[in-house]
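Student: Sequence:
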Amino acid sequence: MEKDFIEAERFYQAKKKVKEIREFYEHLAVFILVNIIVIAVNLITSPEYLWFVWCVLGWGVGVVIHGLTVFDIPPFFSKDWEEKKIKEILEKEKLRKPENNYGN
1 MEKDFIEAER FYQAKKKVKE IREFYEHLAV FILVNIIVIA VNLITSPEYL
51 WFVWCVLGWG VGVVIHGLTV FDIPPFFSKD WEEKKIKEIL EKEKLRKPEN
101 NYGN
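The C-terminal position of the sequence shown is numbered 104 in UniProt numbering, with every residue numbered one higher than the one before it.
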C-alpha cells in the first residue's frame, strides 16, 4: 500500500516537473517571437534609437530566472536544496549540546 502511494507521489512529481519544463519552453518561444516583432517595429519606425534593447534585456532577465528555477541551476533554487538544508539544520540542532541550561 505504501509502495503504491510512493509510486503515485513520484509520478505526480515527475508530471509536475514536465509541465514546468513545457511552460518554460512556451515562455521562451513567446519571448523569441514577440521580440522579433518588437525589433522589426523598432527598426522600421525609429532606427535612430534602438529601444528594443530594453525590452529584450528586461524580459530576457525574466526568461533566464525562469529557466534557472525550472532546471534547478544553481541548486539553491530547487526544492530539494531547501529540504536538504532543513534536514542539515535540524541535525545540527539535535547534535548541539547545550552549553548552559540556566533558565530552562
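Since the hints were derived computationally from the structure, they do not count as laboratory data.
Please note that a few of the clues may not be correct.
Said to hold, decoys possible - Ranges of calculated distance between the beta carbons of each label pair, as one might list FRET restraints:
id, residue 1, residue 2, range
1, Asn42, Lys3, 49 to 59 Å
2, Gly62, Glu83, 51 to 61 Å
3, Gly58, Lys17, 52 to 62 Å
4, Ile86, Val64, 26 to 36 Å
5, Leu50, Ile89, 26 to 36 Å
6, Glu7, Ile36, 23 to 33 Å
7, Ile21, Glu88, 22 to 32 Å
8, Val34, Tyr12, 43 to 53 Å
9, Glu9, Glu88, 39 to 49 Å
Please read these numbers as outputs of a predicted model, since none were measured by experiment.
Virtual Cβ for every residue (Gly too), placed ideally from N, Cα, C.
Student: A separate judgement is required for each hint: does it hold in the structure or not?
Tutor: For each hint, the structure was consulted:
A beta carbon spacing of about 58 Å between Asn42 and Lys3 agrees with the range 49 to 59 Å that was offered as a hint. Between Gly62 and Glu83 the CB atoms are about 26 Å apart, so this pair departs from the stated range of 51 to 61 Å. At roughly 27 Å, the beta-carbon separation of Gly58 and Lys17 lies outside the given 52 to 62 Å, and the hint is violated. With their beta carbons about 27 Å apart, Ile86 and Val64 fall inside the hinted range of 26 to 36 Å.
At about 49 Å, the CB distance of Leu50 to Ile89 disagrees with the hint of 26 to 36 Å. Distance hint check for Glu7 and Ile36: the Cβ-Cβ separation is about 44 Å, which falls outside the suggested range of 23 to 33 Å. Between Ile21 and Glu88 the CB atoms are about 28 Å apart, so this pair conforms to the stated range of 22 to 32 Å. For Val34 and Tyr12, the Cβ-Cβ distance of about 33 Å falls outside the hinted range of 43 to 53 Å, so the restraint is violated.
Checked against the given bound of 39 to 49 Å, the beta carbons of Glu9 and Glu88, roughly 23 Å apart, lie outside it.
Violation of the numbered hints given earlier is confined to hints 2, 3, 5, 6, 8, 9; the remaining hints are satisfied by the structure.
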